[in-house]
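With the hints as extra help, turn the sequences into a complete structure.
Respectively, the protein sequence lines represent chains R and H. The numbers in this note's numbering rise by one with no breaks, and the one at position 162 of the first sequence is 162. The numbers in this note's numbering rise by one with no breaks, and the one at position 63 of the second sequence is 327.
Since the hints were derived computationally from the structure, they do not count as laboratory data. Please read all numbers here as calculations on a predicted model, not as lab measurements. Just so you know, not all the hints are guaranteed correct.
Which stretches of chain H does chain R cover? Using the computed rule of at least three CB atoms under 8 Å from a CB of chain R, they are [what the hints assert, rightly or not]: (1) 333-342; (2) 346-358; (3) 361-374; (4) 425-435.
Among the chain R residues that face chain H by a calculated CB cut under 7 Å, a handful are [what the hints assert, rightly or not]: (5) H162; (6) A169; (7) N188.
Ideal Cβ positions, reconstructed from N, Cα and C, are used throughout, including at glycine.
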Amino acid sequence: MENVIDINYFELFTGYALMLIPVFVLWYYKTGLVKDTLIATVRMTIQLLLVGVYLEYIFKLNSITVNILWVVIMSIIASYTIIIRSGLRFKLFFIPVVLSGLISIAVTDAYFLGFVVKLENVFDARYFIPVTGMLLGNTLKNVVIALDAFYKRIDEEENYYHQYLANGATKKEALQPFMRDALRLAFNPMIATTAVMGLISLPGMMTGQILGGSNPNVAVKYQIMLLITIFSSAVLNAVLTITLSNRFAFDGFENLRKDIFRKQ
Amino acid sequence: MTEIRHLYLSFDGKVIFNDFSLNIKRGEKVAVIGESGKGKTTLLNILSGFTTDYKGRVYVFNKELNPENINEIRKDIAWLSQDTSTKERNVEELFFRPFSFAVNKHKKPSEKEIKAVFSTLHLDYSLMNKRVKNISGGQKQRILLASCLLLKKPLLLADEPTSALDEQVKRDITDFVLSQKELTVIAATHDDYWIRKSDKVIELK
Chain R
1 MENVIDINYF ELFTGYALML IPVFVLWYYK TGLVKDTLIA TVRMTIQLLL VGVYLEYIFK
61 LNSITVNILW VVIMSIIASY TIIIRSGLRF KLFFIPVVLS GLISIAVTDA YFLGFVVKLE
121 NVFDARYFIP VTGMLLGNTL KNVVIALDAF YKRIDEEENY YHQYLANGAT KKEALQPFMR
181 DALRLAFNPM IATTAVMGLI SLPGMMTGQI LGGSNPNVAV KYQIMLLITI FSSAVLNAVL
241 TITLSNRFAF DGFENLRKDI FRKQ
Chain H
265 MTEIRHLYLS FDGKVIFNDF SLNIKRGEKV AVIGESGKGK TTLLNILSGF TTDYKGRVYV
325 FNKELNPENI NEIRKDIAWL SQDTSTKERN VEELFFRPFS FAVNKHKKPS EKEIKAVFST
385 LHLDYSLMNK RVKNISGGQK QRILLASCLL LKKPLLLADE PTSALDEQVK RDITDFVLSQ
445 KELTVIAATH DDYWIRKSDK VIELK
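What follows is the structure, encoded as structure tokens:
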């Protein structure tokens with residue numbers, strides 16, 4: 001490994017000066033987002049610094065139980081964020097969302113770490129935690145969009161749903177066009193980004209690895225595998241979340257329950 | 265027999281149905297009339313299981329409307345909504361959508377059957393090749409009606425089925441739909457000709 005130039009805390013602090021640009025723009029156009037931007041930046045900083053400390057400790061400990069527990073906690077936080085951002089009721093959606101997240105992580109993690117990287121211990125903290133973290137972080141946005149689009153559209157376009165049901169469709173058949181639209185909305189941008197990867201964007205993980213001193217070839221191979229794993233995990237997670245949650249979201253007459261939405 | 269017994273329903277404190285009862289024989293043609301907001305569409309929604317927070321009992325073809333029977337009941341219904349906005353982009357896709365459902369697959373009509381119904385409904389078969397956004401509201405309404413009729417269900421629930429049609433077309437379509445002997449028709453309507461031609465008129469006040 002080559003020597004990596006570390007960023008000291010003073011330099012890190014001066015780096016924040018770049019935030020003056022978005023803060024000024026958001027203030028100038030009276031977007032009302034300045035406070036949220038500042039809070040988000042402070043939260044991100046504190047969270048990442050704390051994670052740095054935790055991870056150092058967890059990597060040293062490298063206990064399977066602690067690693068799994070860490071991932072479960074990350075999944076619960078991700079699920080909470082998904083449900084809140086989708087405007088849905090926490091109580092109804094918590095179990096299906098957590099379950100879908102864990103199943104999609106288990107499948108894609110097992111394949112990537114166990115079959116592709118061929119780790120002896122797939123729960124090795126150095127791989128299991130960062131890879132799962134990337135999966136959760138990168139799939140979250142897609143699941144939020146898919147879940148939000150699916151239920152809001154059924155509510156707003158109830159007429160179509162009723163027309164299908166009343167002409168003999170099963171619930172699954174009547175929901176199929178809504179599933180199609182939700183997946184299109186959630187994954188179209190991801191497909192576009194994937195298609196231009198390397199041309200107009202360098203992915204964060206690969207850049208981080210290269211800056212961290214890794215060989216670019218190794219970094220690229222990991223990045224390719226991670227993008228594929230993220231894509232596959234995100235689609236699986238979105239479909240499972242919608243499929244598992246729709247068992248609770250409809251009444252006995254197969255009508256969408258109005259109490260699934262959180263009161264704004 | 266389709267029957268409603270002692271129906272009670274209110275929305276936001278406003279009573280829509282108060283001890284309302286109704287009997288409809290198989291093959292009967294029923295026009296449901298009344299000013300807007302008096303519950304015409306709601307009555308159709310009750311019969312198809314979309315409005316369920318009522319008190320009373322509802323039977324469709326002698327089956328009580330409840331979660332156990334709802335799928336069986338909906339298999340017997342063809343539903344024509346007043347709102348003709350659709351998710352489908354092409355007319356052909358719009359027309360055939362109900363025939364893509366497992367329960368209706370075996371009923372997929374032949375081109376000859378479709379052409380015959382289209383002609384009665386004053387529709388040109390070449391419309392099938394058009395985009396939904398390029399046809400009129402009246403054409404869309406008739407295409408959906410053609411699809412409903414060719415499903416050959418015993419019960420047609422129609423909400424303002426002739427609202428977007430010209431006078432002569434309205435009459436021809438009314439005559440055609442109401443002459444289907446086996447078909448029970450329950451239509452919410454303001455159309456005088458349809459009302460006159462129906463066997464029974466139910467006024468909601």
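Three or more residues of the segment 346-358 of chain H near chain R by CB distance under 8 Å?
-> Holds: 4 residues of the segment 346-358 of chain H have a Cβ under 8 Å from chain R.
Check whether three or more residues of the segment 333-342 of chain H sit with their beta carbon closer than 8 Å to a beta carbon of chain R.
-> Coverage by chain R holds for the segment 333-342 of chain H (6 residues, Cβ < 8 Å).
Are there three or more residues in the segment 425-435 of chain H whose C-beta lies within less than 8 Å of some C-beta in chain R?
-> violated (count 0)
According to a criterion of three or more residues whose C-beta lies within less than 8 Å of a C-beta of chain R, is the segment 361-374 of chain H covered?
-> Satisfied; 7 residues make the cut.
Taking the closest Cβ pair, is R/A169 under 7 Å from chain H?
-> Hint holds; R/A169 Cβ to chain H Cβ min 4 Å, cut 7 Å.
Per the CB criterion, is R/N188 less than 7 Å away from chain H?
-> Constraint on R/N188 not satisfied, violated at 17 Å.
Measuring from the C-beta of R/H162 to each C-beta in chain H, is the shortest one below 7 Å?
-> holds (5 Å)
Checked against the numbered hints listed earlier, the structure breaks hints 4 and 7; every other hint is satisfied.
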